[in-house]
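K.L.:
Letter by letter, the chains look like this.
Protein chains: 2
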Amino acid sequence: MIGIFDSGVGGLTVAKTIIEHLPNESILYLGDTARVPYGNRSKDIIIRYTLECVDFLVSEGAKCIVVACNTASAIAMSTLKDAFSIPILGVIEAGAKMALLNSKSKNVAVIGTRRTIESNAYKNAIKLIDDSINVFQKETPLLVPLVEENFYYHKATEMVLREYLDDLVFNVDTLILGCTHYPLLAETIASIYPHLCIVDPAIEVAIDLDSILDYEGIKCEKANKASYRFCVTDNDKDVLSVTKSILGDANNNIITSMEEVRL
Amino acid sequence: MIGIFDSGVGGLTVAKTIIEHLPNESILYLGDTARVPYGNRSKDIIIRYTLECVDFLVSEGAKCIVVACNTASAIAMSTLKDAFSIPILGVIEAGAKMALLNSKSKNVAVIGTRRTIESNAYKNAIKLIDDSINVFQKETPLLVPLVEENFYYHKATEMVLREYLDDLVFNVDTLILGCTHYPLLAETIASIYPHLCIVDPAIEVAIDLDSILDYEGIKCEKANKASYRFCVTDNDKDVLSVTKSILGDANNNIITSMEEVRL
Chain A
1 MIGIFDSGVG
11 GLTVAKTIIE
21 HLPNESILYL
31 GDTARVPYGN
41 RSKDIIIRYT
51 LECVDFLVSE
61 GAKCIVVACN
71 TASAIAMSTL
81 KDAFSIPILG
91 VIEAGAKMAL
101 LNSKSKNVAV
111 IGTRRTIESN
121 AYKNAIKLID
131 DSINVFQKET
141 PLLVPLVEEN
151 FYYHKATEMV
161 LREYLDDLVF
171 NVDTLILGCT
181 HYPLLAETIA
191 SIYPHLCIVD
201 PAIEVAIDLD
211 SILDYEGIKC
221 EKANKASYRF
231 CVTDNDKDVL
241 SVTKSILGDA
251 NNNIITSMEE
261 VRL
Chain B
1 MIGIFDSGVG
11 GLTVAKTIIE
21 HLPNESILYL
31 GDTARVPYGN
41 RSKDIIIRYT
51 LECVDFLVSE
61 GAKCIVVACN
71 TASAIAMSTL
81 KDAFSIPILG
91 VIEAGAKMAL
101 LNSKSKNVAV
111 IGTRRTIESN
121 AYKNAIKLID
131 DSINVFQKET
141 PLLVPLVEEN
151 FYYHKATEMV
161 LREYLDDLVF
171 NVDTLILGCT
181 HYPLLAETIA
191 SIYPHLCIVD
201 PAIEVAIDLD
211 SILDYEGIKC
221 EKANKASYRF
231 CVTDNDKDVL
241 SVTKSILGDA
251 NNNIITSMEE
261 VRL
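Protein chains in written order, with the working numbering: chain A, 1 to 263; chain B, 1 to 263.
The hints are simulated quantities; they were obtained by calculation from the structure and are not laboratory data.
Built from N, CA and C at the ideal position, the CB exists for glycine as well.
Do not rely on the hints blindly, as some may be mistaken.
Heads up, simulated DSS-like pairs for lysine-lysine below, C-alpha to C-alpha not over 30 Å straight-line [claimed, not checked]:
hint, chain 1, residue 1, chain 2, residue 2
1, A, K43, B, K237
2, A, K43, B, K97
3, B, K244, A, K138
4, B, K237, A, K127
5, B, K16, A, K237
6, B, K155, A, K155
7, B, K219, B, K97
8, A, K63, A, K219
Here are some, though not all, of the chain B residues that point toward chain A, as calculated from beta-carbon distances under 7 Å [claimed, not checked]:
hint, residue
9, A34
10, R35
11, R41
12, I45
13, P145
14, E149
15, N150
16, K155
17, A156
18, D236
19, A250
20, I254
If we strip away everything but chain A, and leave its shape as in the complex, we get (with noise of 0.2 Å):
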């Protein structure tokens, strides 16, 4: 199976998109629900929380890792790939991919947690791929809080997303959402800022993870024989309706229950 660690339910706009794209791939789903946000915490708690999550995955049977979360992808890489021998896929390079490919202007924003752009993980995989494109950073705390708080399209967020953006987008032709929560503002972002290509690292992660699965010969080829396992490390009550809800009508019927787990 394919194990997808986020620190809360937010991975689970990353999850839908694999499970769409990879219907014959089992899931285990692990949202470190006890303990988000990882946005603002110290490296060193970042990192200590991101290796016990996959820790768990692993131990349960995971054949790859997929870390949804941002803040993870940006901190924690390096150190998950030295300790784990399966392969292990992030948003970043997925993201920083997309937006290069979407990119005309070469002059490319991202946003994210404060952790994910202090660490400068985008700005560093676009210029990996090519070091004549401009990237410009900013930290946009609030947008989680108000994704949480379903203030999708409210004038409050417009006003703190015109805040954030305003200088940030001017020149710029390509934005990266740099958050799992921040697809669900996309609608908004763009009836502000018409002009800008939106890019959800989520839908890159997927072809990627196609890709990889192949390359390593560990796809699953059988037809209908997926099954799902959806855990939290505190299963509050209103979780299960909210991964129902992100999940989406469609997918509705592959699950049942939330476990809860102590790491």
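Could you slot chain B onto chain A? The hints should help.
P.N.:
Showing chain B alone in chain A's frame:
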């Protein structure tokens, strides 16, 4: 020494009031910054985390405990009182008492995190003293992130406050700030709703603490003997400067370093 516990650094507003009101008392502060915020987590997790934190304070020699965190006070207080034999004070009863002293209309409003409001802790505490008071409650989860982003006077904050409070405070004369972060928005709230008496429970907590130390015969009467120790579970690089800024210029000499503890 007095042990003061909060889920993060917000409780330093309570610590500051106690330090100023009881200058002879030594203080041990613990902020659970590796797992903040508590406000949306399940009851079981909040109780587990709170027990671990208070256990640390007691094992380090605290003679009494102040639970500065509203969520922990609302959810874990009876468990704490069963588990420990030293005096344990929360912010809820103090805030309730202060609201009753101030309200002339007998219509009181409370704002707080999801779990604080769901618990009805303030409502129950008020009704226990005077059943004729009408208590109106609202969860206001966006206010903590707005404070943490220093958006104290931002237009977006005003719009969020209006969204949350317009209906809530229409008929009340007193508003309890049921979260340690909210006093930093008191001026903005007062400018939008000048008719409100705004209650910060910290002040009453310091007064209650004084009485209880006296009553138990454990009050420290020696001047200039107080010592101060500040601990967090994630000692991120900003924590010390944020702590100094919340304690204020007058108290800056009492803190030189921040300790990290692992629970």
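K.L.:
Where does the structure disagree with the numbered hints, that is, which hint numbers, in rising order?
P.N.:
Hints 2, 5, 15, 19, 20 not satisfied by this model.
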